[in-house]
Amino acid sequence: MVNVDDAVIARLESYGERFEILVDAELAADYKRGEDINIEDVLAVEEVFKDAHKADKASEENMMKAFETTDALEVADIIIKKGNIQITANQRKKMQEEKTRQVITKISQEAINPQTKLPHPPKRIEKAMEEAKVHIDPMKTVEEQIEPTVKAILTKIPIRIEKVQVAVKIPGTYAGKSYSVITQYGKLIKEEWENDG
4 MVNVDDAVIA RLESYGERFE ILVDAELAAD YKRGEDINIE DVLAVEEVFK
54 DAHKADKASE ENMMKAFETT DALEVADIII KKGNIQITAN QRKKMQEEKT
104 RQVITKISQE AINPQTKLPH PPKRIEKAME EAKVHIDPMK TVEEQIEPTV
154 KAILTKIPIR IEKVQVAVKI PGTYAGKSYS VITQYGKLIK EEWENDG
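In our numbering, the protein residues as written are 4 to 200.
Everything labelled a hint here was simulated from the structure, so no lab data went into it. Accuracy of the hints is not assured; some may be wrong.
What the hints assert, rightly or not - Each computed BS3-like pair below joins lysine-lysine, with the alpha-carbon atoms no more than 30 Å apart:
hint, residue 1, residue 2
1, LYS68, LYS85
2, LYS130, LYS120
3, LYS84, LYS97
4, LYS84, LYS60
5, LYS96, LYS109
What the hints assert, rightly or not - Cβ pair distances, simulated, as ranges:
hint, residue 1, residue 2, range
6, GLU197, ALA135, 46 to 54 Å
7, LYS193, ARG14, 41 to 49 Å
8, LYS97, THR176, 43 to 51 Å
9, LYS85, GLN118, 45 to 53 Å
10, ALA92, GLU146, 21 to 29 Å
11, THR158, LYS97, 23 to 31 Å
Cβ atoms here follow ideal geometry from the backbone N, Cα and C, with glycine treated the same way.
Turn these sequences into a full structure, and let the hints steer you where they fit.
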């Protein structure tokens, strides 16, 4: 559980009533995107409020009417997934910077310069994103933002997403060292181990 002082409010209005919970902003955003996180780790307290600032708890009658349950964890799950998560400007900026780095890394791994057939370095992609004034949404997944970002920077640098399937045969003596390099630069679809290791 997150410290109450560090928590932010997640809010949902349903059937004319407001329901609020106290959550960790980053964990709640990850949970909302579908990452495998325990709901109890996201919450500061296992309570549903009508007004979290006044610590005014929501009535069980209103929770039953709006969510068909009075279980705080089930209600919290619905509030996080369907409601709004309040975050501070600093938290939003930090989340946006982290998401931007992730998008740049992903593009540099998957995209190439069609003229040279070589990948663009992350700094070049970052500069092109700044010039194209690309806005990264900290609440969306990296995958959702790759295509619009590539389309936006296409006006600044020649770029193309290239996916290639490669079969690699590695002698057993080099398998350990090679494995980490292969998984770092690509996605391992299938592996076969032969008698020689």
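Status of each hint after checking the structure:
{"no.": "1", "hint": "LYS68 with LYS85", "verdict": "holds (16 Å)"}
{"no.": "2", "hint": "LYS130 with LYS120", "verdict": "holds (20 Å)"}
{"no.": "3", "hint": "LYS84 with LYS97", "verdict": "holds (22 Å)"}
{"no.": "4", "hint": "LYS84 with LYS60", "verdict": "holds (20 Å)"}
{"no.": "5", "hint": "LYS96 with LYS109", "verdict": "holds (20 Å)"}
{"no.": "6", "hint": "GLU197 with ALA135: 46 to 54 Å", "verdict": "holds (48 Å)"}
{"no.": "7", "hint": "LYS193 with ARG14: 41 to 49 Å", "verdict": "holds (46 Å)"}
{"no.": "8", "hint": "LYS97 with THR176: 43 to 51 Å", "verdict": "holds (44 Å)"}
{"no.": "9", "hint": "LYS85 with GLN118: 45 to 53 Å", "verdict": "holds (46 Å)"}
{"no.": "10", "hint": "ALA92 with GLU146: 21 to 29 Å", "verdict": "holds (26 Å)"}
{"no.": "11", "hint": "THR158 with LYS97: 23 to 31 Å", "verdict": "holds (29 Å)"}
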